[in-house]
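Residue strings, one per chain:
There are 2 protein chains.
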Amino acid sequence: MSQAQNIAVVLMSGGMDSTVCAAQSRADGFIPAGLHLRYEQRTAARELRAFHAVCDALGISRRLVVSTEHFKQIGGSSLTDSAIDVSDADLTSAEIPSSYVPFRNANILAIGVSWAEVLKARALYIGAVEEDSSGYPDCRREFFEAFQRTIDVGTKPDTNIRIHTPLIELSKAQIVQRGLALNAPLQHTWSCYQNEEIACGRCDSCALRLRGFQQAGALDPLRYAEKD
Amino acid sequence: MSQAQNIAVVLMSGGMDSTVCAAQSRADGFIPAGLHLRYEQRTAARELRAFHAVCDALGISRRLVVSTEHFKQIGGSSLTDSAIDVSDADLTSAEIPSSYVPFRNANILAIGVSWAEVLKARALYIGAVEEDSSGYPDCRREFFEAFQRTIDVGTKPDTNIRIHTPLIELSKAQIVQRGLALNAPLQHTWSCYQNEEIACGRCDSCALRLRGFQQAGALDPLRYAEKD
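As you go down the protein sequences, you meet chains Z and R in turn.
Note that the numbering used here has the first sequence beginning at 1, numbered continuously upward.
Note that the numbering used here has the second sequence beginning at 1, numbered continuously upward.
Be a bit skeptical, because a hint or two may be false.
Straight line, CA to CA, 20 Å or less: simulated SDA-like cross-link-like pairs of lysine to any residue [what the hints assert, rightly or not]:
| id | chain 1 | residue 1 | chain 2 | residue 2 |
| --- | --- | --- | --- | --- |
| 1 | Z | 156 | R | 72 |
| 2 | Z | 72 | R | 63 |
| 3 | Z | 156 | R | 140 |
| 4 | R | 72 | Z | 38 |
| 5 | R | 120 | R | 26 |
| 6 | Z | 120 | Z | 28 |
| 7 | R | 72 | Z | 63 |
Not the full set, but computed from the structure, chain Z residues with beta-carbon under 8 Å of chain R [stated by the list, open to error]:
| id | residue |
| --- | --- |
| 8 | 74 |
| 9 | 102 |
| 10 | 137 |
| 11 | 140 |
| 12 | 156 |
None of these hints come from the bench; they were simulated from the model.
Since the structure is predicted, the reported quantities are computational estimates derived from the model, not experimental observations.
Cβ coordinates follow ideal geometry from the N, Cα and C atoms, glycine included.
Pulled out of the complex, with its shape left as it was, chain Z reads as follows (with noise of 0.2 Å):
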């Protein structure tokens, strides 16, 4: 195996779980290449700075950022369109959030793709998880397997790129857990979707994480205004 075929493409927001697929994906033998997405969502220019501060922390030197204005053009989500509340979290509602940015995964798995065909990458993680998803119908295992089958007919026949979900099954509390025994640097992460400065403790992703940390036994090494 050459040492390009050797490349992941990682998909990094800059937060805890795809900060752990990163770390993950450099455990299981690959060179990871980080790729961020930028869709003017609330907190991007903090996210931004997570990941680059993440992949400084991991020795990440293969970086794309991609700049997408069509999410807050289409609109139809909090995270995009300033005139939607952002909801507190609801962890027991089975409802999906109004985060939701519709086929979001797709779209970024896309590009993904794209970049992993150039780069003669092998693999393509992305740190989605079912359990935890707040009812996203694009983290659930059903359909990266369906987006897997796509990339297989859609792509050269000399590519070869898998889609990797190494959290897919995990809770927030395991994901930590991986975290913390595979040393991510997850004080350089961001998960909130209100603050850039001060973690809200309050939306939904802020709720997840702490909770995460709280199950797992852990400290999580971000501040926080309010912890619910």
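Could you slot chain R onto chain Z? The hints should help.
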């Protein structure tokens, strides 16, 4: 069926195939909504002009123009990388031409689905052609079938978006005939990969189009610098 549910998002490059496709969607009873992508390809400005002219001619008022910079960033294609020459057409070759943008149709479809989900559209039309596709892997029926499955499992339960590929089995000559039968505004379309003022007549796209008109026994309303 409410009017909102009768919308079809139509991917419209400004070229002939997608224009025939838009005319077809209307003939099929849908209200077309035009989605145009700028990916910093060589002829982006000319294609955008064609898109609006075609929408005007077809009475399409709902339009979305999305700029995606990542194809250019990712490279690997003569369509976006000015350092790679556009190959002269070789219609007998089975090789994938240098104008290939990796996994382009997956990226385009993903954007289309995101918009379609917000519009509550029921259909997504794309003018892909298997036979004349110059070997692009993501122009094949197999690819669209796989992507349909990805949509079905990756969108909200009440979303029901079907991919329509009305040209997939047609030859270029049959597309010309279909366009003429539907009274599609072919005079406003643009197909050339190379030039923005007078079509070159030599690139893959011009060569396929010219051969199509010739085989259909029809006259292409466009002017060409050179016909092979």
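*Restraint outcome when residue 137 of chain Z is required to lie within 8 Å of chain R by C-beta distance*: 5 Å, holds
_20 Å Cα cutoff - pair residue 156 of chain Z, residue 140 of chain R_ = Holds, at roughly 12 Å.
_Holds or violated: residue 72 of chain Z to residue 63 of chain R, with C-alpha atoms at most 20 Å apart_ = Cα-Cα ~15 Å, so holds.
*Have a go at the residue 156 of chain Z hint: is there a Cβ in chain R nearer than 8 Å to its own Cβ?*
6 Å, holds
_Straight-line alpha-carbon gap residue 120 of chain Z to residue 28 of chain Z, limit 20 Å_ = Holds, at roughly 18 Å.
*Given the proposed pairing of residue 72 of chain R with residue 38 of chain Z, does the C-alpha separation stay at or below 20 Å?*
16 Å, holds
*Classify the hint on residue 102 of chain Z as holds or violated, based on whether any CB of chain R lies nearer than 8 Å to its CB.*
4 Å, holds
_Pair hint residue 120 of chain R and residue 26 of chain R, alpha-carbon separation not exceeding 20 Å_ = This hinted pair holds, its Cα atoms lying about 17 Å apart.
*Is the hinted pair residue 156 of chain Z and residue 72 of chain R satisfied, with a Cα-Cα distance of at most 20 Å?*
Holds, because 19 Å separates the two Cα atoms, which is no more than 20 Å.
*Double-check residue 74 of chain Z for me: the hint is only fine if its C-beta lies closer than 8 Å to a C-beta in chain R.*
5 Å, holds
*asked:* Please verify whether residue 72 of chain R and residue 63 of chain Z have alpha carbons no more than 20 Å apart.
replied: 15 Å, holds
_Closest C-beta approach of residue 140 of chain Z to chain R relative to 8 Å, hint status_ = 7 Å, holds
This entry satisfies every hint, going by the numbered hints stated previously.
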